[in-house]
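Enquirer: Taken in order, these protein sequences are the chains called A and B. Residue numbering for the first sequence is 425 to 575, as defined by this note's numbering. Residue numbering for the second sequence is 4 to 152, as defined by this note's numbering.
Note that these hints are calculated values from the structure, not bench results. Source: prediction; values computed, not measured. A portion of the hints provided could be inaccurate.
In silico lysine-lysine, BS3-like type, Cα no more than 30 angstroms apart, as pairs [stated by the list, open to error]:
#1 B:128 x A:544
#2 B:128 x A:568
#3 B:105 x B:128
#4 B:62 x A:568
Cβ-to-Cβ under 8 angstroms is the rule here; a few derived chain A residues that face chain B [as the list claims (entries may be wrong)]:
#5 522
#6 530
#7 533
#8 549
#9 568
Beta-carbon label-pair distances, calculated as ranges [claimed, not checked]:
#10 B:100 x A:555: 22 to 28 angstroms
#11 A:555 x B:60: 40 to 46 angstroms
#12 A:570 x B:100: 49 to 55 angstroms
#13 B:147 x A:552: 42 to 48 angstroms
Glycine residues also receive a C-beta, built at the ideal position from the N, C-alpha and C atoms.
Read off the chains here:
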Amino acid sequence: MNNDVPQEEDLNAPPRLIEALVQASSECIFVPPAIDRAILKASERQFSHSGRGRARRVWWWTRLTTASALVVAFALVTFQWQRVAKGRFAREDVNHDGQIDILDAFALARQVKQGSASDKRLDVNGDGVVDERDVATIAAHAVKLERGGRS
Amino acid sequence: MRTALMFLICVLAAPLFAQQPADEEGRGSFRVVDIYVDSKGAPLAAYQLRFSMTNTNAKIVGIEGREHPAFREPPMYDPKAMQHERVIIAAFNTAPSDELPKGKTRVATIHVAAIGVDALQCILKVQTAANPEGNKIAIEATWEERKNK
Numbered sequence: 425m426n427n428d429v430p431q432e433e434d435l436n437a438p439p440r441l442i443e444a445l446v447q448a449s450s451e452c453i454f455v456p457p458a459i460d461r462a463i464l465k466a467s468e469r470q471f472s473h474s475g476r477g478r479a480r481r482v483w484w485w486t487r488l489t490t491a492s493a494l495v496v497a498f499a500l501v502t503f504q505w506q507r508v509a510k511g512r513f514a515r516e517d518v519n520h521d522g523q524i525d526i527l528d529a530f531a532l533a534r535q536v537k538q539g540s541a542s543d544k545r546l547d548v549n550g551d552g553v554v555d556e557r558d559v560a561t562i563a564a565h566a567v568k569l570e571r572g573g574r575s
Numbered sequence: 004m005r006t007a008l009m010f011l012i013c014v015l016a017a018p019l020f021a022q023q024p025a026d027e028e029g030r031g032s033f034r035v036v037d038i039y040v041d042s043k044g045a046p047l048a049a050y051q052l053r054f055s056m057t058n059t060n061a062k063i064v065g066i067e068g069r070e071h072p073a074f075r076e077p078p079m080y081d082p083k084a085m086q087h088e089r090v091i092i093a094a095f096n097t098a099p100s101d102e103l104p105k106g107k108t109r110v111a112t113i114h115v116a117a118i119g120v121d122a123l124q125c126i127l128k129v130q131t132a133a134n135p136e137g138n139k140i141a142i143e144a145t146w147e148e149r150k151n152k
């Protein structure tokens, strides 16, 4: 210490302590091989634990991804099925607006008049011919009171 | 004896031929309700209306077509509506635009039998209507009780 502050005499460590410290720093500490092995085993165990944890995380992520994929697939299938179900119209719903009313009879009447009513699905009364009788059948269906006249 | 028997038969049969006494309070009357449709300038090719009465003692007894040649024939309706208070009437015509009504026109007449009813209370709702191409159009439907049949 080379500064201007005057050092006091009684700040020196006791000689016995100084001697012990000098002896301790020069002494070679012997670590038994058993402790080395124990430390090595512990570290191996530690590393193997972290590896297992990663594997577990990967496993959980796989499961989560699979479950998510299944949910998405189910939603898509349901949505598609609903679209298909919506697209399936009643035979009397000639104009495909989801309702059976006089406009369906009118649409079929126009087709019959123009001679373009060739679709056999329009044979609503099942007599093998698409004609005015099918128009009348749809009209009767449209004004029927039990079902409120509408689909 | 024979005369007495004839007299007895006449006396017993008399109530059958007698006219029912008119009950002033519950007397029945026939009313006529005209149904109008206003297509607001568009050619009216098809319509469907729902007519109902809220009067408890009023029943539909007849329906006929009206006015415009395109809808002169009675509209289509469920025969079960007769003697009931509601009906769905519908009609269409595949004639070209120039043969179809374009403004307000009387499309149907509904005959009603009412007992003890001062004024008919009717609800008329448009269910659908279309132009000659089959496209839906907005129409206005109104009803009017005819003063004199």
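Enquirer: Each hint: holds or not?
Expert: Here is what the structure says about each hint:
A C-alpha spacing of about 34 angstroms is found between residue 128 (chain B) and residue 544 (chain A), which places the hinted pair above 30 angstroms, so the restraint is violated. Proximity of residue 128 (chain B) to residue 568 (chain A) is assessed by CA-CA distance (about 16 angstroms); at most 30 angstroms being required, the pair is judged to hold. Of the pairs offered as hints, the one joining residue 105 (chain B) and residue 128 (chain B) holds, with about 19 angstroms between alpha carbons and a cut-off of 30 angstroms not exceeded. Restraint check: the Cα-Cα separation between residue 62 (chain B) and residue 568 (chain A) comes to about 17 angstroms, which is no more than 30 angstroms; the hinted pair holds.
Here the hint on residue 522 (chain A) is broken, as its CB sits about 12 angstroms from the closest CB of chain B, past 8 angstroms. Below 8 angstroms, beta-carbon pairs count as interface contacts, and residue 530 (chain A) has one with chain B at about 4 angstroms; its hint therefore holds. Because the closest C-beta pair between residue 533 (chain A) and chain B is about 5 angstroms apart, less than 8 angstroms, the hint holds. Annotation: interface hint on residue 549 (chain A) violated; nearest CB of chain B at approximately 15 angstroms, more than 8 angstroms.
A least Cβ separation of about 5 angstroms between residue 568 (chain A) and chain B falls short of the 8 angstroms threshold, and the interface hint therefore holds. At about 25 angstroms, the CB distance of residue 100 (chain B) to residue 555 (chain A) agrees with the hint of 22 to 28 angstroms. Checking the proposed 40 to 46 angstroms range against residue 555 (chain A) and residue 60 (chain B) shows it holds: the Cβ atoms sit about 43 angstroms from each other. Restraint check, residue 570 (chain A) to residue 100 (chain B): a C-beta distance of roughly 35 angstroms breaks the suggested window 49 to 55 angstroms.
Look at residue 147 (chain B) against residue 552 (chain A): about 46 angstroms separates their beta carbons, and that is inside 42 to 48 angstroms.
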